[in-house]
Amino acid sequence: MSLSVQGYLLLSAVISAIGLLGLLVRRNPLIMLMSVELMWGGGALAFIAFARHVGNMDGHAFAFFAMIVAAAEVAIGLALVVALFRGREAVDIDDIQLLKG
Amino acid sequence: MPEVDVSFQVIARALTLVVAAVLVLIVDLILPSRLVRRPVAWISALGIGLAGWYTYSLWVQVTPAGAGPVWNVTAADVSTAWTAFLGAISADGLGLAFGGIILAAALAGVAMSVRRREDDVSGYYSLLLLAAAGMMLLAAGTSLLTIFVSLELLSLALYVLVGFRRRDPRGKEGAFKYLILGSVASGILLYGFALLYGSVGSVWLSDFQAYWYAHGAHGMTPLYRAGLALTVVGFAFKMAVVPFHAWAPDAYQGAPASISGFMAVGTKAASLAALIRLLSVALPAAELGAVVWPLTVLAALSMFVGSILATVQSNMKRLMAYSSIAHAGYLLMALPGLSQQGIAAAAFYSLAYLFMTVGAFAIIVWLGDAPESGSEMARYESLFYRRPYLAGALTLFLLALAGTPATAGFVGKVLLVRNAMEFGGWLLVAALAVTTGISAYAYLRVVLVMIRRPAAAQVVEGAAWHEAAAAEDPDQGEEEARELGTPWPLAVVVIVAAAATIYLGLFPQGAIAALSSLLPV
Amino acid sequence: MSVALIVSGALAIGGALGVILARAPVHSVIALIVNFLGLAGVYLSLQAEFLAVAQVIVYAGAVMILFLFVIALLTVKREPMERLTARTAGRLPLNLLAAFAMAFLVVLAIVRSDPGGSVAVPSNFGTVRAMGETLLVTHVFPFEIAALVLLVAVVGVVVLVGRRPEKGRE
Amino acid sequence: MESTTPVLLLIVALPLAGSLITAANRNRWKEGTLARVASTAVALSFAATLVALGLQGGAGGVLRFPLVTWGPAGGFELSLGLLGDSISLWWALVVTGVGFLIHVYSSGYMHGDPGFGRYYAKLNYFVFAMSLLVLSDNYVGLLIGWANVGLASFMLIGFWNQRAEAAAAAMKAFVMNVIGEIGLILGTLLLIVHAGSAEFDTVFAAVRSAEPALVTSVGLLFLVAAVAKSAQLPLHTWLPDAMQGPTPVSALIHAATMVTAGVYLVVRSAPIYLASETAALTVAYVGGLSALFGAVVALRQPDIKKVLAFSTMSQVGYMMMAAGAGAYTAAMFHFMTHAFFKAALFLAAGIVIHYLGGEQDIRRMGSLRERLPVVYWLALFSVLALAGAPPLAGFFSKEEILHGVKDAGLTGLWILGVAVAGLTAWYMFRLFSLVFLGAAQPAGKGRREGADENVESRMEMVIPVGVLTALSVVGGWISIPGLTALPEKYLLPALQRVADVPVHRAVWSTDALLVTAVAAAGAVFALSLYGAKGSWRRQEVAARGEPGGPLYNGFYLDALYRTAVVRPTVAVSSWVGRRMDPEGVDGIVHGIAGAVKLLGRALASWHAGLVRSYVFTIVLGVVGVLAYILLAVQ
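Protein chains in written order, with my numbering: chain E, 334 to 434; chain S, -15 to 505; chain B, 594 to 763; chain Y, 120 to 753.
Since the hints were made in silico from the structure, they are not lab data.
Please note: incorrect hints may appear among the correct ones.
What the hints assert, rightly or not - Capping the alpha-carbon separation at 25 Å, the derived lysine to any residue pairs in SDA-like fashion look like this: (1) Lys433/E - Val433/S; (2) Lys433/E - Leu739/Y; (3) Lys716/Y - Met361/S; (4) Lys433/E - Ala723/Y; (5) Lys433/E - Arg720/Y; (6) Lys525/Y - Ala636/Y; (7) Lys149/Y - Arg370/S; (8) Lys433/E - Trp725/Y; (9) Lys149/Y - Pro372/S; (10) Lys716/Y - Val281/S; (11) Lys425/Y - Leu646/Y; (12) Lys433/E - Ala714/Y; (13) Lys149/Y - Arg371/S; (14) Lys425/Y - Ile298/Y; (15) Lys716/Y - Ser366/S; (16) Lys433/E - Leu285/S; (17) Lys433/E - Glu365/S; (18) Lys716/Y - Pro372/S; (19) Lys433/E - Leu685/B; (20) Lys433/E - Pro153/S; (21) Lys433/E - Glu356/S; (22) Lys149/Y - Ile14/S; (23) Lys433/E - Arg150/S; (24) Lys716/Y - Glu365/S; (25) Lys716/Y - Pro153/S; (26) Lys433/E - Ala721/Y; (27) Lys149/Y - Met578/Y; (28) Lys525/Y - Leu646/Y; (29) Lys716/Y - Arg150/S; (30) Lys716/Y - Arg370/S; (31) Lys525/Y - Thr401/Y.
Given the sequences, and given the hints that come with them, work out the whole structure.
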């Protein structure tokens, strides 16, 4: 037997929330990017759970695209991290603060 | 297995942009790098022009003169004749009208970029074209998948473009912040889409209508509500609506001004079109209030935060960013009632915003675009005496943004106010009134800077700054700009934008009539 | 509820917590891989075979390697860590509260809705073949846009870090 | 009787063309050419107005000229056009006529200024904007003119923008004007939404059926606009500061034409104010209080131009009072006479200032009667006209206003108006005495650098003052009750075309004697205090720090007045002038601006560049939206 769709959804919500929390408390850009991955992973899980629930594979397609897009986003994000933090003592997002007001 | 209906006609306007983007990359491989600059700019411009032609030819077919849009005749026409790929994308007035605005912004973006001296021009233009393609698809997408993927296409391209400025840490900083916050918003949007998909059981927008036919008021389940809320937040983020706006000032300030201008107009237009499309199919009129009320509050907040913060800025791009936040609030005034008239108002205001904003950014480029706060204003000091026409044009754009009569901005505001009043949006009208005054002050500060004659000390300081800037970064600075001469495309952008701002202010009826029935029925 | 599902779910949540609690980025990467493996297990229990495999290959494989490369690139001298300051300590409860409030509302929506029973699905649900049909026929258009997204990523990374040697007067 | 004629367009377009031509050639042409071109443009505009007057074909005639039509599109229809009815032409006549005289005068006054061409371009632009304002046939056109007038005034006040005070004054005027513009924009929007059009006739037809609340709101919003433009309480503080501009500008903009734009708006919107008693009464009281306030403050001002500025505020207050009381023709009549004598006084003041090489402190003048005899006589008649001496112009127009106010049953305001008539005579004769009579004071005696000894022989300056003074003398005779009564014959039909305007006929009454007596008392009083040997004169002159005789040698009368009337009045005057004025009202304006800025800074610190706090904000937003959509609506 399997868990009801609500159970899966709760799991996905918890994982997304943890990702969000990571973005709220961590200042290391690498870990922030990973937290974004967590949020997206939670979203993908919700799609897959619903796909099974409603019985069509649109949700699988969605989860797949989310995966692709997340990978692309991480690639660009990491490129920016390298450009910003190469040669810095600490890797801390609070240190880049030229733009404000 | 369903037969895929490939329709070149429907996707041509986006396809052309993609082809142009790929061509740009190929040309870069073939030609030696010192010869690349001109051909890629021309390819980009021609690609956008061709896309414009396809948009126009579709527009003529979709909205035959006098007969009104096709779907007013038979609703079936919309779903069969003018969609493609099993309904993943459509060609309706909404997507075409906003698509036209996006293309114009992209063309202006190309024209504003011809003076850029960085390497990687091909990367720059191809990303600009791909971002424009993403915006076009977002405005026309009729499945949640198309909407999501094209939103990401434009976002990713813009993240890179914002960080394009070489050796300027501000660009990278703005880009990274934009990327992180954008990913958060996309994650929220993704979750919202998941909940909508789970409620409806499909990603096709046409099935959403079927869902409401089947369920009536019972369709408004908690799951559906939550999905709707998260989705709205996702689009509000892209439009830079308060409190999802914090990325905009950093991204606009860090980005090259040509990109800031392009994304201010394009992203807003595309997201607004998608939001309108979604709300018009995903909610029956009776339930609209549930979404519109929180959006109304956010719109009012945007107007206040945008205009108040614009008053304390000392960097033009940042000021324009806060202005764009306020304008996001104005555009949302079209949503109460979600009527043809309201959408026409939003489309007209987007068109007006296109010319006012692109014109202002073109002048920022003209004067040598700079990311610093504070010293950047020295460029505008006593501009009226050095370059009266340029100063006059900038004054016109700023006055139009403030909503001065006889400019496009005023007509747009009248249309929006009328819509809001008709549907009880008194909060919005009041907020618009107060913030118009505040923002007038913010814009006029710039005008005053341009009128003021500099004291001797300031001249020296400004000159020293120019020298320092020229020494530090030869790509930038007004000295350099003068040395390079003014490229004619930039002048064309300013002249066309100024002419259109006045023309739409004096003779808006043609545009209003053309935009009067965009709402997909 | 099978043991495998419980273990997968626990791995997913534990991995996620590990990501945000570990101090060193390398530890976070490992935790994230754990999370992905757990998620892949959960996908399997939902008959999403293809996605489970893709999850492991794309994420736990390629993307995580990328992270490790960057960590290596940034750590010529030392671990790429954030400064040890307590600038956010005072706001931690507030942040927790905000994230909790949002999660609570979503959970509320989930719990209060009655999704009804799941429908029966065909036997090929979630297989590679069915997935191929979904991606290349039904949703071929977004699939092509996704290809463009990858193009953007390639061009973007080249633009951002892989610059050609600078010429001229610089 | 309606007819279409392009002459209306000429009235508006000629000054615009002049402005463009002058601006384009400002560095190329000689002063004389520039002045001639600009003045000719306005003269032709004046001629066109006269032609329009002829074409109008009687008081009820209406001329039109359509410019642009918008729509019908998007559900509403707007058209921009020009309208030449009696009200518009009356105003256009004064704007172009007085404007022309001031153009001529300026060629002498601005002689040698490096910005000569720039000055004329702006002056022409102002005439264009003002005529657009008064000739538009709809509120949007009016608004466009209104905004341009504000811009022109901003540029002219700040004309000498090397002076920090001039720049600050320009800014202040601008801020006040923007406040007013918001009122006008909002009122216009309300009308457009209600009537589906901004065209006067359509709007006024729709007003008949509108809800009272809407009409009152529009009326009050327009009042905000009028108060800002016409320098009425509490938005008047820009006017005295605006005297930083060149003196002919003060004459044209801040006395004769622009400040009366508010009066024009109220008169033009008569059907709205007739439909809302609340709004009309508010106008009347704001006007009355401004009249009193301006007069009281003017009593002690040391600067020649500031006395005239506060006097303007007071006189425009009279006009507002009349308009609010429904005596529209009286308001318009006073607008015209006031334009004559106030412009004459400002221009005369300009000559005096030139003669003294830039001195503006009246306590340092004195005895100019001997040295500027022509100006002395011209100023005397203008002062008499303003003070309301029969049979000069001010007497008739003031009489009509007070009569109208009394007729409307506003006895309180009537008493106030009579008192202000006395105060007016008082401050004008104080000014007159200090400048022209008595012994010469330092500035009047010695030579100063830049002083123009032969200023009286500059005909281009003296003749305009002479013409305006002559008009101040005879201008009132067009409305001798029972004899000519031209204003009401000419203006009333235009009002009656759109609304049921109550008719206030100008009649002789014994009140005229009372008012004249009060004014005469004020004049005599001022002359006795500030005459050649007046005690207050010596005191004021001494107060500027110069060595003087005994401060005060008290006549009995003086002592009585001093304790019973003068001292309290002076105390109130200086208290109001010094405390409440700069700190109170300015304080509020600065306070608002400051609060916005402070709020901006506070908000800016929220955008401190910390990604986490941005995420936090996003999450808060999500929680809000989610909670509402999920919970609040069921």
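To see whether the hints hold, each was checked on the structure:
Simply put, Lys433/E and Val433/S have alpha-carbon atoms about 22 Å apart, close enough for the 25 Å limit, and the pair holds. With a C-alpha separation of about 20 Å, the suggested pairing of Lys433/E with Leu739/Y holds against the 25 Å cut-off. Taking the CA atoms of Lys716/Y and Met361/S, the gap is near 18 Å; set against the 25 Å cutoff, the hint holds. Note on Lys433/E and Ala723/Y: the hinted pairing holds, with a Cα-Cα distance of about 8 Å set against a maximum of 25 Å.
As the CA atoms of Lys433/E and Arg720/Y are separated by approximately 11 Å, the hinted pair is consistent with the 25 Å bound. Between Lys525/Y and Ala636/Y the alpha-carbon distance is near 18 Å, which keeps this suggested pair within the 25 Å criterion. A C-alpha spacing of about 22 Å is found between Lys149/Y and Arg370/S, which places the hinted pair at or below 25 Å, so the restraint holds. The suggested pairing of Lys433/E with Trp725/Y holds, with an alpha-carbon distance near 9 Å, which does not exceed 25 Å.
For the given pair, Lys149/Y sits about 22 Å from Pro372/S by alpha-carbon distance, which is consistent with the 25 Å threshold. Distance restraint check for Lys716/Y and Val281/S: the Cα-Cα separation of roughly 23 Å lies within the 25 Å cut-off, and the hinted pair is therefore satisfied. Annotation: proposed proximity of Lys425/Y to Leu646/Y holds, straight-line Cα distance about 20 Å (limit 25 Å). Our distance criterion of 25 Å between C-alpha atoms is met by Lys433/E and Ala714/Y, whose separation comes to about 21 Å.
The suggested pairing of Lys149/Y with Arg371/S holds, with an alpha-carbon distance near 23 Å, which does not exceed 25 Å. A distance of roughly 23 Å separates the Cα atoms of Lys425/Y and Ile298/Y; the hinted pair therefore holds under the 25 Å criterion. The suggested pairing of Lys716/Y with Ser366/S holds, with an alpha-carbon distance near 24 Å, which does not exceed 25 Å. For the given pair, Lys433/E sits about 20 Å from Leu285/S by alpha-carbon distance, which is consistent with the 25 Å threshold.
Restraint check for Lys433/E and Glu365/S: the C-alpha separation of about 23 Å stays at or below 25 Å, so the hint holds. Of the pairs offered as hints, the one joining Lys716/Y and Pro372/S is violated, with about 29 Å between alpha carbons and a cut-off of 25 Å exceeded. Using a Cα cut-off of 25 Å, the hinted pair Lys433/E and Leu685/B holds, with the two alpha carbons roughly 22 Å apart. Proximity of Lys433/E to Pro153/S is assessed by CA-CA distance (about 14 Å); at most 25 Å being required, the pair is judged to hold.
Between the alpha carbons of Lys433/E and Glu356/S the distance comes to roughly 11 Å, so the proposed pair stays at or under 25 Å and holds. Restraint check: the Cα-Cα separation between Lys149/Y and Ile14/S comes to about 61 Å, which exceeds 25 Å; the hinted pair is violated. Of the pairs offered as hints, the one joining Lys433/E and Arg150/S holds, with about 20 Å between alpha carbons and a cut-off of 25 Å not exceeded. Under the criterion of a C-alpha separation no larger than 25 Å, the hint pairing Lys716/Y with Glu365/S is consistent with the structure, at around 21 Å.
For the given pair, Lys716/Y sits about 29 Å from Pro153/S by alpha-carbon distance, which is inconsistent with the 25 Å threshold. This hinted pair checks out: Lys433/E and Ala721/Y have alpha carbons roughly 12 Å apart, not beyond 25 Å. For the given pair, Lys149/Y sits about 19 Å from Met578/Y by alpha-carbon distance, which is consistent with the 25 Å threshold. Between Lys525/Y and Leu646/Y the alpha-carbon distance is near 30 Å, which puts this suggested pair outside the 25 Å criterion.
At most 25 Å may separate the alpha-carbon atoms for a hinted pair to count; Lys716/Y and Arg150/S exceed this at roughly 34 Å. Annotation: proposed proximity of Lys716/Y to Arg370/S is violated, straight-line Cα distance about 30 Å (limit 25 Å). For the suggested pair Lys525/Y and Thr401/Y, the alpha carbons sit about 16 Å apart, so the restraint of at most 25 Å is met.
When each numbered hint is compared with the structure, violations occur for hints 18, 22, 25, 28, 29, 30.
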